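One-letter residues, chain by chain:
2 protein chains.
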Amino acid sequence: MGLFPDAEYLNRLTKTRQSMANKGIDVVILFDPANMNYLSGYDGWSFYVHQMLIVFADEEQPYWVGRAQDANGARHTTFLDADHIVPYPEDHIHSSERHPMDFAANFLKSKQCANKRIGVEKDAYYFTALSLERLKVGLPNAHFVDATLLVNYVRLIKSDLEIELMCKAGVIASKAMRTAFECVEVGARQCDVAAQIYQSQISGTEEFGGDYPSIVPLMPSGEKTSAPHITWSDDRYQPGETIIFELAGCVHRYHSPLARTVTLGEPDSKVSYLAEVVVEGLNTALATVKPGVTLEEVEQAWHNVIEKHGFEKESRLGYAMGLNYPPDWGEHTASIRKGDKTILVPNMTFHMIPGMWMDNYGVEISEAIRVTETGVEVFADVPRELHVKPHLTLRGE
Amino acid sequence: MGLFPDAEYLNRLTKTRQSMANKGIDVVILFDPANMNYLSGYDGWSFYVHQMLIVFADEEQPYWVGRAQDANGARHTTFLDADHIVPYPEDHIHSSERHPMDFAANFLKSKQCANKRIGVEKDAYYFTALSLERLKVGLPNAHFVDATLLVNYVRLIKSDLEIELMCKAGVIASKAMRTAFECVEVGARQCDVAAQIYQSQISGTEEFGGDYPSIVPLMPSGEKTSAPHITWSDDRYQPGETIIFELAGCVHRYHSPLARTVTLGEPDSKVSYLAEVVVEGLNTALATVKPGVTLEEVEQAWHNVIEKHGFEKESRLGYAMGLNYPPDWGEHTASIRKGDKTILVPNMTFHMIPGMWMDNYGVEISEAIRVTETGVEVFADVPRELHVKPHLTLRGE
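Protein sequences appear in the order of chains A and B.
Counting in the numbering used here, the first sequence runs from 3 upward without gaps.
Counting in the numbering used here, the second sequence runs from 3 upward without gaps.
Source of the hints: derived by calculation from the structure; they are not laboratory data.
The model shown is predicted, which means the values in this text are computed figures rather than measured ones.
There's no promise every hint is true.
When chains are identical, the list treats them as one kind, so a pair holds in a single copy or across two.
[Said to hold, decoys possible] Straight-line Cα separation of at most 30 Å, DSS-like style, residue types lysine-lysine; simulated pairs: (1) K292 x K118; (2) K343 x K292; (3) K138 x K25; (4) K310 x K113; (5) K138 x K118; (6) K118 x K315; (7) K315 x K138; (8) K343 x K17; (9) K310 x K25; (10) K25 x K391; (11) K113 x K340; (12) K391 x K118.
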């Protein structure tokens with residue numbers, strides 16, 4: 003049984019088949035674990051082996067095709083009928099002789115797809131170059147069409163059930179960030195602060211627990227704040243250090259990410275100035291968000307503010323996000339940047355993350371947001387500012 | 003600066019180039035984040051965008067090619083000279099117009115590789131089907147050779163520096179498993195137990211902190227013990243339930259995985275019988291491990307024991323492991339199974355995991371091991387048995 007009522011999955015499948023019809027696709031093979039979950043409910047840490055969901059244009063239920071060992075997991079977590087769970091044998095795992103896509107090609111042949119137009123997610127995580135090669139060998143007369151992001155675009159506008167989970171994820175993100183603020187201090191080990199953040203993310207609240215976010219806590223400090231994707235070490239925090247925390251709450255694979263910047267003691271003036279600019283830019287961009295506006299207009303509002311203060315940002319201001327699996331909570335569809343003419347619609351959700359990474363310092367202060375009927379809703383509840391942590395000297399330093 | 007002395011990386015690169023020469027490869031493009039780390043020290047959660055390490059047969063240092071935003075991360079974590087860090091512009095991220103592999107193809111052209119034999123990891127995580135297509139478009143006269151696992155096989159035998167980290171990871175794995183034993187109890191929420199496990203994994207010990215393992219704690223319970231890759235929910239544990247914990251300690255990306263099975267109260271007789279068989283089989287297999295023995299001989303020893311007791315196991319008994327990134331700590335090279343004729347050599351490391359998943363129950367009791375000069379060393383220190391957690395009734399139940 004899936005997490006949501008069957009009708010939710012069937013509705014998503016209907017939209018997916020409409021999109022397939024628009025592209026003339028007879029059958030689509032989905033490797034992206036988020037897309038597999040989205041259309042079937044499938045949930046498990048099994049994307050480290052080849053697995054897929056296959057959606058036929060002319061059948062209501064998709065097929066889960068995966069490792070034999072994981073078929074019970076598919077039975078427990080999907081809404082699919084038993085005959086729609088198709089395991090391949092264990093001797094296909096990490097074998098130089100047998101490849102799971104040979105099995106998949108045979109399955110597709112048995113479903114009369116040898117000459118069909120087959121959609122594949124050519125640029126999706128876990129759909130390797132060899133996977134496509136083996137499919138082509140097994141189905142030499144099929145026509146392969148790129149279906150990268152086909153389902154991701156169906157995911158762009160969330161249902162109310164999805165928004166409910168993202169609100170809960172926002173509560174957990176806020177809690178985890180407050181934990182970071184509490185635990186980070188001069189002399190504390192980075193790993194111990196990371197451990198407390200995890201504790202907070204996973205235990206969640208008394209009402210609902212947390213799922214694992216698709217990205218681990220990112221927490222560069224000192225000069226490494228110039229590098230956004232650094233994790234932690236067992237070094238101890240130093241007086242005056244700046245630390246960026248980028249983390250998420252996650253509930254049933256739905257995310258609400260959040261970034262804040264902390265200084266241990268009074269901030270360097272260049273850090274506090276940059277933080278003020280970032281907050282002003284973020285507030286200005288948030289104020290533009292409402293149905294009918296384009297993403298590039300939102301970015302322009304941000305851009306005008308930072309330009310006025312003499313800053314530039316080459317990277318985008320944010321991206322669509324929601325349901326996902328490692329290594330990313332982003333959806334890879336709409337981005338808040340110049341040239342993206344996506345028009346905002348209620349229940350689109352984004353991580354607006356004006357990260358500024360300079361040569362040897364950086365600032366991130368972000369919000370996860372939902373487009374409402376009239377404007378914007380922010381999922382988290384943490385002051386939108388540089389957090390200055392006073393340096394206590396109680397231990398006779 | 004990399005984690006290890008430069009000489010360690012240069013030695014690994016020499017072995018890699020020997021392997022390239024054996025396959026007639028002029029240049030190899032590595033997408034596997036573990037291989038990137040192994041040969042350069044690069045460490046960051048940036049594998050959710052296209053990035054690679056490029057090793058030329060005739061140059062000592064490889065080139066890191068990745069997102070502009072991550073170049074500072076490469077400067078902080080690799081031993082590479084500044085001119086060996088080659089960022090591609092931010093407008094290549096999640097763009098339908100510009101693909102990072104077009105940039106990579108141009109870089110290779112600038113290095114006179116248009117007609118060369120180029121190795122690519124065709125079945126590696128994150129090397130998508132489109133990545134190879136774009137490379138072929140950009141380099142129509144190059145000859146592409148499959149180099150999947152080329153570096154993974156270099157990783158098979160660990161250096162003493164690597165073993166040192168895996169021993170530390172074993173200490174953390176033991177600590178995390180003891181935390182699981184302490185926290186799991188009737189009425190506890192699964193998410194709260196998961197949170198405590200994380201706390202233990204990441205804070206590590208007083209002497210060294212923990213890194214994030216490549217796989218989250220897997221902890222199926224009840225009937226879901228028949229499905230190995232289930233994580234947790236916020237359900238509460240029930241009296242008599244069986245829970246499988248599979249987790250790892252991780253230090254600087256080096257893992258030591260460990261699985262144990264717990265029952266809340268006296269176990270069902272079929273669970274305790276299966277656990278006895280698994281322990282007998284595991285002990286027998288461990289006793290065969292020493293240099294000169296093949297992996298299929300180790301598996302045969304296990305197989306003989308369980309067959310005697312009327313059990314079968316289709317899936318392999320274990321796999322090589324060590325340095326890695328999500329989604330897997332396994333190395334995808336040698337497997338402990340029938341047909342694998344890999345001969346054991348000192349400092350090979352494996353996760354020997356005799357998981358038995360039946361229709362509606364399962365047992366996992368595993369060890370992470372190193373092949374020594376004369377036999378085997380086990381990284382963790384947790385009793386090799388079914389852990390029975392007495393059901394306390396102190397609260398007036």
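Same-copy or cross-copy closeness of K343 to K292 [CA-CA at most 30 Å]: within (14 Å within a copy, 63 Å between copies)
- prompt: At most 30 Å between C-alpha atoms: does K138 with K118 qualify within a copy, between copies, both, or neither?
  reply: both (12 Å within a copy, 25 Å between copies)
- request: Pop the pair K343 and K17 into one bin, within, between, both or neither, using alpha-carbon distances up to 30 Å.
  value: This pair counts as within: shortest intra-copy Cα distance 22 Å, inter-copy 49 Å.
- prompt: Between K113 and K340, at a C-alpha cutoff of 30 Å, which is it: within one copy, between copies, both, or neither?
  reply: neither (44 Å within a copy, 32 Å between copies)
task: Have a look at K310 and K25 and pick one of within, between, both or neither, based on CA distance no larger than 30 Å.
output: Result: close neither inside a copy nor across copies, 44 Å intra and 56 Å inter.
task: Go through the copies and call it for K25 and K391: within, between, both or neither, with a Cα cutoff of 30 Å.
output: Neither way: K25 and K391 sit 54 Å apart in one copy and 56 Å across, limit 30 Å.
task: Measure nothing new, just compare the shortest in-copy and cross-copy C-alpha distances for K138 and K25 to 30 Å and report within, between, both or neither.
output: Classified as both: same-chain Cα gap 20 Å, cross-chain 25 Å, threshold 30 Å.
query: Is the C-alpha distance from K315 to K138 at most 30 Å within one copy, between copies, in both cases, or in neither?
result: neither (42 Å within a copy, 32 Å between copies)
- prompt: Checking K310 and K113: alpha-carbon separation at most 30 Å within a copy, between copies, both or neither?
  reply: neither (60 Å within a copy, 41 Å between copies)
query: Under a CA distance limit of 30 Å, which applies to K391 and K118: within one copy, between copies, both, or neither?
result: For K391 and K118, the Cα distance exceeds 30 Å both inside one copy (61 Å) and across copies (55 Å).
- request: If the cutoff is 30 Å on CA atoms, where do K118 and K315 land: within, between, both or neither? Let me know, please.
  value: Cα proximity of K118 and K315: none, with 45 Å in one copy and 37 Å across.
query: Between the shortest in-copy and the shortest cross-copy C-alpha distance, which are at most 30 Å for K292 and K118: within, between, both, or neither?
result: neither (42 Å within a copy, 52 Å between copies)
Hint check: violations occur at hints 1, 4, 6, 7, 9, 10, 11, 12; the rest are consistent with the structure.
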